[in-house]
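Top to bottom, those sequences are chains A and B.
Here this note's numbering is used: the first residue of the first sequence is 725, the next is one more, and so on.
Here this note's numbering is used: the first residue of the second sequence is 725, the next is one more, and so on.
If you're looking for bench data, these hints aren't it; they were derived computationally from the structure.
Among the hints, erroneous ones may be present.
Same chains, same label: a pair holds when it works inside one copy or across any pair of copies.
[Said to hold, decoys possible] Using 20 Å as the maximum straight-line C-alpha spacing, the simulated SDA-like pairs for lysine to any residue come out as follows:
| # | residue 1 | residue 2 |
| --- | --- | --- |
| 1 | K1078 | M731 |
| 2 | K1078 | L733 |
| 3 | K1078 | A730 |
| 4 | K882 | R1074 |
| 5 | K1078 | Q1097 |
| 6 | K1078 | Q907 |
2 protein chains.
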Amino acid sequence: MVIRGAMGLPVVGMVGGGQLSRMTHQAAIALGLSLRVLADAEHDSAALVAQGVSIGEHTSLDDLRAFARGCEVVTFDHEHVPEGLLEGLEAEGFAIAPGSAALRHAQDKLVMRERLAALGVPVPPFCPVATVADVEGFAHHVGWPLVLKAATGGYDGKGVWVVSDREEAAEVLAGGMRILAEQLVPLRRELAAVVARSPYGQGAAWPVVETVQSDGICVEVVAPAPGLSEERALEAQGLALRLADELAVVGVLAVELFETDDGVLVNELAMRPHNSAHWTIEGARTSQFEQHLRAVLDYPLGETSLTARWTVMANLLGGDEPEPDTDRRLHLLWGRDPGLKVHLYGKQIRPGRKIGHVTALGDDLDEVRRRAQVGAAYLRDGTWPDDWPHT
Amino acid sequence: MVIRGAMGLPVVGMVGGGQLSRMTHQAAIALGLSLRVLADAEHDSAALVAQGVSIGEHTSLDDLRAFARGCEVVTFDHEHVPEGLLEGLEAEGFAIAPGSAALRHAQDKLVMRERLAALGVPVPPFCPVATVADVEGFAHHVGWPLVLKAATGGYDGKGVWVVSDREEAAEVLAGGMRILAEQLVPLRRELAAVVARSPYGQGAAWPVVETVQSDGICVEVVAPAPGLSEERALEAQGLALRLADELAVVGVLAVELFETDDGVLVNELAMRPHNSAHWTIEGARTSQFEQHLRAVLDYPLGETSLTARWTVMANLLGGDEPEPDTDRRLHLLWGRDPGLKVHLYGKQIRPGRKIGHVTALGDDLDEVRRRAQVGAAYLRDGTWPDDWPHT
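Isolated chain A, as found in the complex (with noise of 0.2 Å):
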């Protein structure tokens, strides 16, 4: 299936609206390509700045046909659309990146840690469970308290809980999900190997960076991870280029990594663009949205060389006031620091909700960290600390 757009280049349609798509889009504009967007409604974050968009539902057949039979490749701004149907879509001879044999392990996280294990890839200690007594029999070897996870569905912290005994653990057990259990891994601090791989099979690295988590959720990530050894860095880098490959994922894989006193151990993987790695826009030659699209169209990949000894992202999350006067912050921030670079995705505001991020880029970490982090809070809260800017 060829399909075409301007300047004979071809069409790619990513199945989901959300602030991966409109990035998306944003990096699709400079290659020529206007990207096609299957949303859930209108005012989608994606749906707001795309020409082609349908709206339709990521678990509807007929929908995705008809989205797919618009485009040269579809791909995907989440997890969301069953198995059956990705496996129905390849059957009808739709090209989908990643294709469904890759993306199970980013979609069940069970599928995933056992053809880890079977890679001999170092995973924390898990076991499925179905019964409180599975869960017992686990905690015999690993204690309490103990992680359990939805193994399909979860995201931002959602789908996972510490329980600390068997009542705990029944409760969850009481959703009637399908449940893994995992060792609660002494941490020293959580990372994030990003890389992409083309049909081709060329894969491209991204330094691997640090990510820090609040409720579940990433708050702010540095690149390049701070006092990380090359050996260490080269381990992980190594660990999700061999992943990439062993999987034979098409497009951006983040590798969600726990770094431990003895290693590294992969904690989850994502099969599209990641928030791990939105510094990439400005922080490296080649952003993750490019590296995305120029993945799924088999084009050879670019440059991740960086373009600052230092960036720090920070997601701006959703405060409590529903409409925060965001534009006149956005004068105030920007009056601070006119070096801040700021990403808004659109959203209706809710408490916890990724509306945005703010990058900052330098020579100085704690500077530049603290920036991003100073800049983020204050979009939220219209309030920043005494001596900002470092008087």
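Given chain A, work out where chain B should sit, using these hints.
Just chain B now, kept in the frame of chain A:
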């Protein structure tokens, strides 16, 4: 008039659906905005990628008014809206940026020359001419050959003639346009000083660049201008900032300059994002497109520092093939030069038409320059030098 979109952010409209609108929309996405575009046709460069597109005539007050009604501020991707219509919109209370009183200096070369001369700004010797006798009288002072220019409507070398004698001059005058005559200045090279100014009066300048023209069309921009003394660079930046202020420009102001043995002379003004600053997308911390939006919205302007020692932009002009296999060429080009940044405008290809640009960045000027030149030539013609990449 307060017209707000998603997240309570202002709605900006741009008249004109060309690549400048296209790239401004790209920048708008990060700022939480979705640029509204008034385009001539649905297949216009910006109309292919923006969500809020109106089709209409920029020479129709009705169309302009209907468009402006949905926008908090209206700006422009060209200078072709007649001055009377701009004044009409202003009289009706619509906010346009830059305003008509500024924009006329970018619309009418004679008005511009007279104003700049009155301000004591160095310009080439010039004279309005209506008859061949006028031209001959002027030639008496500056000699043949000399330059005739249409006061309005010219771009990319159109509306500019180098004439060697009275017969050639007569031919130009026979066109019936308002014409000015100028000395053919003995120039070393052309430079551009690009700045932005906000209504608040804040100004920001990027480094002065060297621009290379061929047949009156910009083919290459080198940032910063090689070998330019700091003194002359500051002189040019200061001149551009002063002009932005004197003319009360709002948005980006590009000042095209002739560098002569004695200093710089102002050649042309543009009050919008300009070809000579496309390099800022990757080469500066704030691109001209983001800066233009910040300026017309009266946000504090962004940092203009560089992200690389050298940045070179080469324009991609349409070649002789109406339908080159651009997709295939992209594959092969990026295979050789994965760091080259490519911008394609989605435009139909005509020989000599600007259909995209490429940008190279790095530490070695000769190499960066060659990468940009070879990349643009390859996308146009499908051929590259035998020794590329440098062997």
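task: Against the structure, test the hints numbered earlier, and report the numbers of the ones violated in rising order.
output: The structure conflicts with hint 6 only, although it agrees with all the remaining ones.
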